[in-house]
Amino acid sequence: MFGKGLVILGLFLASFCFWIPAFAGENIRFACGRRGSTHYEVANTLGSTWKTQYGFTFINDTTTDGSYENCLKLLSREADLALAQSDVAIELLRNNNDAQGIRAITALYDQVFFLVYKKGTKFSSLKELVNGKRVGVSQKKSGTYFTTREIFKHFGISDTDYVPVYINDTKKMLGDEVDIICTVTGFNNKKLDRLLNHQKGELFSFDNPELLNHGSSIEGFCLNYPLASPYVIPKQVYSQMPENPVLTISVKNVLLARADLDIFRVYDLISCIYLHKENLIQLNPIFQGLPASSDNHLVGFQLHEGAKLFYTRDEPNFLERYAEIIGTLVSLLLVLFGLIPVGVNYLQSRKREKIITKYYKSVLNINAILDSKTDLKQIMVFQNDLDRFEKELFELVVQHKLITDTAFTTLITFLQNSMEKIQDAADRQNPKIKS
Numbered sequence: 026m027f028g029k030g031l032v033i034l035g036l037f038l039a040s041f042c043f044w045i046p047a048f049a050g051e052n053i054r055f056a057c058g059r060r061g062s063t064h065y066e067v068a069n070t071l072g073s074t075w076k077t078q079y080g081f082t083f084i085n086d087t088t089t090d091g092s093y094e095n096c097l098k099l100l101s102r103e104a105d106l107a108l109a110q111s112d113v114a115i116e117l118l119r120n121n122n123d124a125q126g127i128r129a130i131t132a133l134y135d136q137v138f139f140l141v142y143k144k145g146t147k148f149s150s151l152k153e154l155v156n157g158k159r160v161g162v163s164q165k166k167s168g169t170y171f172t173t174r175e176i177f178k179h180f181g182i183s184d185t186d187y188v189p190v191y192i193n194d195t196k197k198m199l200g201d202e203v204d205i206i207c208t209v210t211g212f213n214n215k216k217l218d219r220l221l222n223h224q225k226g227e228l229f230s231f232d233n234p235e236l237l238n239h240g241s242s243i244e245g246f247c248l249n250y251p252l253a254s255p256y257v258i259p260k261q262v263y264s265q266m267p268e269n270p271v272l273t274i275s276v277k278n279v280l281l282a283r284a285d286l287d288i289f290r291v292y293d294l295i296s297c298i299y300l301h302k303e304n305l306i307q308l309n310p311i312f313q314g315l316p317a318s319s320d321n322h323l324v325g326f327q328l329h330e331g332a333k334l335f336y337t338r339d340e341p342n343f344l345e346r347y348a349e350i351i352g353t354l355v356s357l358l359l360v361l362f363g364l365i366p367v368g369v370n371y372l373q374s375r376k377r378e379k380i381i382t383k384y385y386k387s388v389l390n391i392n393a394i395l396d397s398k399t400d401l402k403q404i405m406v407f408q409n410d411l412d413r414f415e416k417e418l419f420e421l422v423v424q425h426k427l428i429t430d431t432a433f434t435t436l437i438t439f440l441q442n443s444m445e446k447i448q449d450a451a452d453r454q455n456p457k458i459k460s
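For the sequence shown, the positions run 26 to 460 when the numbering used here is used.
Note that these hints are calculated values from the structure, not bench results. Owing to the predicted nature of the structure, the values given are computational and were not obtained by experimental measurement. The beta-carbon is built from N, C-alpha and C at its ideal position, and this holds for glycine as well. You may find that some hints are simply not true.
[Stated by the list, open to error] Heads up, simulated DMTMM-like pairs for lysine to aspartate or glutamate below, C-alpha to C-alpha not over 20 Å straight-line:
#1 Lys165 - Glu227
#2 Lys383 - Glu415
#3 Lys402 - Asp412
#4 Lys165 - Glu94
#5 Lys446 - Asp410
#6 Lys166 - Asp218
#7 Lys144 - Asp218
#8 Lys152 - Glu116
#9 Lys402 - Asp449
#10 Lys152 - Glu227
#11 Lys402 - Glu349
#12 Lys165 - Asp184
#13 Lys333 - Asp285
#14 Lys147 - Asp232
#15 Lys386 - Asp412
#16 Lys76 - Asp86
#17 Lys386 - Glu349
#18 Lys446 - Glu415
#19 Lys144 - Asp204
#20 Lys302 - Glu66
#21 Lys446 - Asp412
#22 Lys143 - Glu202
#23 Lys166 - Asp232
#24 Lys147 - Glu227
[Said to hold, decoys possible] Computed Cβ-Cβ distance ranges for the label pairs, DEER-style:
#25 Ile192 - Tyr299: 31 to 39 Å
#26 Thr431 - Ser387: 13 to 21 Å
#27 Lys178 - Thr77: 28 to 36 Å
#28 Thr82 - Gly245: 45 to 53 Å
#29 Thr88 - Lys260: 34 to 42 Å
Model the full assembly from the supplied sequences, consistent with the hints where possible.
So, in structure tokens, the structure goes:
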């Protein structure tokens with residue numbers, strides 16, 4: 026019995042070893058935005074790294090127009106993960122009670138505000154540059170639209186001072202339809218080189234970068250808009266452009282998840298990011314902006330429980346990670362071991378029934394023949410058979426193949442009655458024979 030139990034336990038443990046990796050193969054839906062956007066490129070880099078390390082399969086949702094719609098995908102449970110500007114996500118959390126199901130995992134990189142205008146345009150201030158112009162601001166409710174309006178508002182530019190033009194962020198071009206293009210994106214977005222070098226655009230600088238940390242106007246904006254930080258674009262990042270450093274602002278892009286996404290899966294995702302940071306930078310230089318894990322710029326967000334585990338370095342051990350699965354297996358084993366005695370008893374009962382039925386049929390057959398005319402020789406054979414049956418039955422009891430229950434007692438009584446009947450028949454055939 027004990028040996029059988031060990032075999033069953035071994036089989037369960039073997040199946041458990043195959044069960045655990047199976048979780049890695051599940052699909053994870055990632056709301057990342059349209060092809061060509063920085064969100065899309067970042068999602069591809071992360072997805073390929075996660076798949077290589079853990080076997081996670083990612084399905085990138087490219088139907089959205091940026092941060093706001095990515096967050097909505099989480100709320101509608103059409104996505105498990107999403108990329109979004111921190112300011113857009115925070116605003117959504119503030120104004121939507123349903124958004125409480127969104128959790129932050131990590132800040133990933135800086136999304137920089139770029140304002141590109143036609144080279145040679147004359148102006149003395151941002152307000153004068155924008156006034157009356159057609160300004161490309163991507164789609165309504167996009168991250169670019171949201172942040173641009175906040176900046177314009179701070180610098181005294183109302184919605185009626187310019188003409189917003191809603192265009193696909195990946196197809197922005199200076200031309201007959203647009204005088205100025207605003208975009209909030211990664212510093213290495215390919216469209217920036219196109220705008221500055223092929224379309225002869227200029228980058229707007231809010232102040233001389235030398236004023237940074239000396240009371241620049243952009244620092245004043247950031248004091249009132251704490252999700253933003255001053256950002257300096259070095260000269261000649263895009264071939265020969267810009268000709269001089271540019272002072273602007275950036276906001277963090279954050280990786281978000283549904284609150285009910287598995288804790289340990291999230292732990293694996295974020296630990297992979299930091300463990301393979303250098304490799305991510307090689308694949309996409311934008312990950313140079315990945316903050317130190319101890320300084321993650323996630324003020325205003327509720328952290329996912331898996332992210333909390335990582336930031337506190339409370340790395341789950343094997344038992345903690347798979348406690349639920351192990352508990353299920355233990356419960357199944359307990360049920361199984363509880364069923365083993367029941368099964369054994371059932372099999373023994375069936376075997377006992379077959380033995381008793383066999384002897385009952387034999388004794389009944391003897392009784393049936395005995396009721397007809399039988400000679401003395403046949404009677405003596407029957408008597409020997411009954412004696413042998415009785416001996417065999419008691420030997421089976423001794424060997425634990427039979428339990429002396431009611432069925433056994435009834436059979437023995439029937440057997441003894443039949444033996445008395447045989448003896449009476451023998452006496453009638455030959456009164457001189459004594460039992």
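Right, here's what the structure says about each hint:
1. Lys165 - Glu227: Between Lys165 and Glu227 the Cα gap is close to 24 Å, so the pair fails against 20 Å, i.e. violated.
2. Lys383 - Glu415: Satisfied, since the Cα-Cα distance of roughly 13 Å is no more than 20 Å.
3. Lys402 - Asp412: With a Cα-Cα distance of about 16 Å, the restraint between Lys402 and Asp412 holds, given a limit of 20 Å.
4. Lys165 - Glu94: The hint holds at about 10 Å.
5. Lys446 - Asp410: Roughly 13 Å between the alpha carbons, so the hint for Lys446 and Asp410 holds.
6. Lys166 - Asp218: violated, 25 Å
7. Lys144 - Asp218: Roughly 14 Å separates the two Cα atoms, so the pair holds.
8. Lys152 - Glu116: violated, 25 Å
9. Lys402 - Asp449: Distance of about 14 Å is within 20 Å: holds.
10. Lys152 - Glu227: holds, 16 Å
11. Lys402 - Glu349: violated, 74 Å
12. Lys165 - Asp184: holds, 13 Å
13. Lys333 - Asp285: Measuring from Cα to Cα gives roughly 14 Å; hence the hint holds.
14. Lys147 - Asp232: holds, 16 Å
15. Lys386 - Asp412: Holds, because 16 Å separates the two Cα atoms, which is no more than 20 Å.
16. Lys76 - Asp86: Measuring from Cα to Cα gives roughly 17 Å; hence the hint holds.
17. Lys386 - Glu349: Measuring from Cα to Cα gives roughly 55 Å; hence the hint is violated.
18. Lys446 - Glu415: holds, 15 Å
19. Lys144 - Asp204: holds, 10 Å
20. Lys302 - Glu66: holds, 16 Å
21. Lys446 - Asp412: holds, 13 Å
22. Lys143 - Glu202: holds, 12 Å
23. Lys166 - Asp232: violated, 28 Å
24. Lys147 - Glu227: holds, 12 Å
25. Ile192 - Tyr299: 31 to 39 Å: holds, 36 Å
26. Thr431 - Ser387: 13 to 21 Å: holds, 20 Å
27. Lys178 - Thr77: 28 to 36 Å: Once the Cβ atoms are compared, 44 Å apart, the range 28 to 36 Å for Thr77 and Lys178 is violated.
28. Thr82 - Gly245: 45 to 53 Å: holds, 47 Å
29. Thr88 - Lys260: 34 to 42 Å: holds, 38 Å
When the structure is compared with the earlier hints, violations turn up for hints 1, 6, 8, 11, 17, 23, 27 and for no others.
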